[in-house]
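Student: Sequence:
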Amino acid sequence: MIENKLQNVNIYQFQQDLLNWYDTNKRDLPWREDQDPYKIWVSEIMLQQTKVDTVIPYFHRFITKFPTLHDLAEADQQDVLKVWEGLGYYSRARNLQNAVKEVVAAYGGEVPHTPKDLGSLKGVGPYTKGAILSIAYNQPEPAVDGNVMRVLARVLKIEDDIAKPSAKKQFENYVRELISQDDPSSFNQGIMELGALICTPKTPMCMFCPVQQHCKAFAEGIEEELPIKSKAKKQKKVPYAALLIKNEKNQYVIEKRSDNGLLASLWQFPMVPIDEIGFDHLENWVHSEYGVKITLGSKAGNLKHVFSHLIWQLEIYQAKTIQNQLYDQRLKFVDKEGLELYPFPVSHQKMMKFI
DNA sequence: AAGACGGGGAG
DNA sequence: CTCCCAGTCTT
1 MIENKLQNVN IYQFQQDLLN WYDTNKRDLP WREDQDPYKI WVSEIMLQQT KVDTVIPYFH
61 RFITKFPTLH DLAEADQQDV LKVWEGLGYY SRARNLQNAV KEVVAAYGGE VPHTPKDLGS
121 LKGVGPYTKG AILSIAYNQP EPAVDGNVMR VLARVLKIED DIAKPSAKKQ FENYVRELIS
181 QDDPSSFNQG IMELGALICT PKTPMCMFCP VQQHCKAFAE GIEEELPIKS KAKKQKKVPY
241 AALLIKNEKN QYVIEKRSDN GLLASLWQFP MVPIDEIGFD HLENWVHSEY GVKITLGSKA
301 GNLKHVFSHL IWQLEIYQAK TIQNQLYDQR LKFVDKEGLE LYPFPVSHQK MMKFI
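Position 210 (the first sequence) corresponds to 210 in UniProt numbering; numbering is contiguous.
What the hints contain is simulated information worked out from the structure, not anything from laboratory work. Among the clues, some could well be false.
[What the hints assert, rightly or not] Once the Cα atoms are required to be at most 25 Å apart in a straight line, the calculated SDA-like pairs of lysine to any residue come out as:
1) Lys293 / His309
2) Lys5 / Asp335
3) Lys299 / Lys332
4) Lys234 / Asn302
[To be verified] With beta-carbon atoms standing in for the labels, derived distance ranges:
5) Gln78 / Glu102: 17 to 27 Å
6) Leu331 / Gln77: 14 to 24 Å
7) Gln49 / Val334: 22 to 32 Å
8) Val104 / Gly125: 14 to 24 Å
9) Gln77 / Arg27: 26 to 36 Å
10) Asp53 / Ile222: 25 to 35 Å
11) Pro273 / Gln78: 36 to 46 Å
12) Lys237 / Asp161: 20 to 30 Å
13) Thr64 / Gly221: 41 to 51 Å
14) Pro273 / Gly86: 31 to 41 Å
15) Gly221 / Asn260: 44 to 54 Å
16) Phe354 / Pro273: 34 to 44 Å
17) Lys116 / Lys336: 49 to 59 Å
18) Pro57 / Gly297: 14 to 24 Å
Think of the CB as a built atom: it goes at the ideal place given N, C-alpha and C, for glycine as much as any other residue.
With the sequences and hints as input, model every part of the structure.
Tutor: Structure, rendered in structure tokens:
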């Protein structure tokens with residue numbers, strides 16, 4: 001089946017057209033300034049599910065704070081999360097630090113350069129493994145992300161549902177056939193760059209495409225119909241009362257979230273799942289859950305926060321407590337200025353505007 | 001194979 | 001508002 005899709009493709013010409021275009025059109029990106037495997041690694045983790053423009057400032061701050069793999073390995077996890085604050089998918093940061101510790105412990109601080117060793121590290125899946133091996137170590141390994149699937153689905157007219165896990169293996173096999181042995185780094189980066197700049201999800205700029213003459217979808221005028229991708233299902237709505245609890249010293253109660261699951265190890269203002277406990281029992285529930293006696297005050301506003309799999313509907317309330325001491329390990333009093341020392345998810349950064 | 005896991009941008 | 005984007009881990 002691979003032979004069938006590739007039999008009419010001039011592989012050498014495809015490589016040359018792509019590599020020539022990439023050479024003159026690649027963006028100047030901070031992780032392209034050298035071939036430091038650590039920096040390539042950090043950038044590839046940040047770029048998962050995240051656009052280049054969003055990543056750039058985070059990458060600068062991260063490398064300034066943790067210039068080497070050893071700096072990251074020795075860092076406090078809360079400091080790592082603070083630099084990651086707002087970027088999302090926080091398990092990426094926790095897994096990256098765990099993996100870096102493993103590299104120090106098991107590989108003398110040198111990023112592994114075999115597929116087996118590299119792929120065994122936490123947070124390094126098939127894509128990231130191929131990206132590091134090709135970009136940092138110039139090995140002809142596939143690095144199939146969404147861009148690559150979109151470009152190849154169009155060029156080769158692949159009509160499988162790319163949302164299915166089974167589809168990705170096929171694309172890796174195509175890349176193994178197509179990839180330049182002379183410059184696998186530029187080939188992989190080039191095809192991703194093409195997907196980001198020309199072969200975009202909507203209204204691709206086929207007139208400027210360096211591989212237009214290789215593209216089956218363009219030839220048939222079906223580039224807008226590919227790739228085929230099934231829709232995600234809708235998110236569940238979850239209502240909460242989120243509490244800005246202030247004591248008599250103008251300090252606020254904040255809570256460290258569990259070290260696993262959603263927004264793990266980040267901080268938040270206490271949230272009450274009102275559909276489970278009922279709004280009338282709010283003060284009692286806070287007392288039994290957190291050991292904090294509060295008096296509910298006025299409503300400060302509403303926030304809707306959308307995740308990929310659920311929607312938080314937050315009703316923000318002011319509340320008071322006369323306690324100056326907390327007995328729950330998760331909780332802490334901090335003043336307004338102290339809030340910025342802790343990593344908060346974006347939803348709770350938005351809540352701070354109501355203070 | 002399906003669900004958990006964030007956040008941002010375009011229209 | 002609604003729709004789109006999409007790697008890795010867990011179940």
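Student: Indicate, hint by hint, whether the structure satisfies it.
Tutor: Hint by hint, here is what the structure shows:
1. Lys293 / His309: 33 Å, violated
2. Lys5 / Asp335: Not satisfied, since the Cα-Cα distance of roughly 63 Å exceeds 25 Å.
3. Lys299 / Lys332: Holds, at about 23 Å.
4. Lys234 / Asn302: 21 Å, holds
5. Gln78 / Glu102: 17 to 27 Å: Because 20 Å falls inside the window, the suggested range holds.
6. Leu331 / Gln77: 14 to 24 Å: Given a distance of about 19 Å, which is inside 14 to 24 Å, the answer is holds.
7. Gln49 / Val334: 22 to 32 Å: This hint holds: roughly 31 Å between Cβ atoms.
8. Val104 / Gly125: 14 to 24 Å: Given about 21 Å between the Cβ atoms, the range holds.
9. Gln77 / Arg27: 26 to 36 Å: 32 Å, holds
10. Asp53 / Ile222: 25 to 35 Å: Given about 29 Å between the Cβ atoms, the range holds.
11. Pro273 / Gln78: 36 to 46 Å: With Cβ atoms ~26 Å apart, the hint is violated.
12. Lys237 / Asp161: 20 to 30 Å: 27 Å, holds
13. Thr64 / Gly221: 41 to 51 Å: Cβ of Thr64 to Cβ of Gly221: about 48 Å, so the range 41 to 51 Å holds.
14. Pro273 / Gly86: 31 to 41 Å: 24 Å, violated
15. Gly221 / Asn260: 44 to 54 Å: 49 Å, holds
16. Phe354 / Pro273: 34 to 44 Å: Once the Cβ atoms are compared, 20 Å apart, the range 34 to 44 Å for Pro273 and Phe354 is violated.
17. Lys116 / Lys336: 49 to 59 Å: Between Lys116 and Lys336, where Cβ atoms are some 50 Å apart, the hint holds.
18. Pro57 / Gly297: 14 to 24 Å: Cβ of Pro57 to Cβ of Gly297: about 37 Å, so the range 14 to 24 Å is violated.
When each numbered hint is compared with the structure, violations occur for hints 1, 2, 11, 14, 16 and 18.
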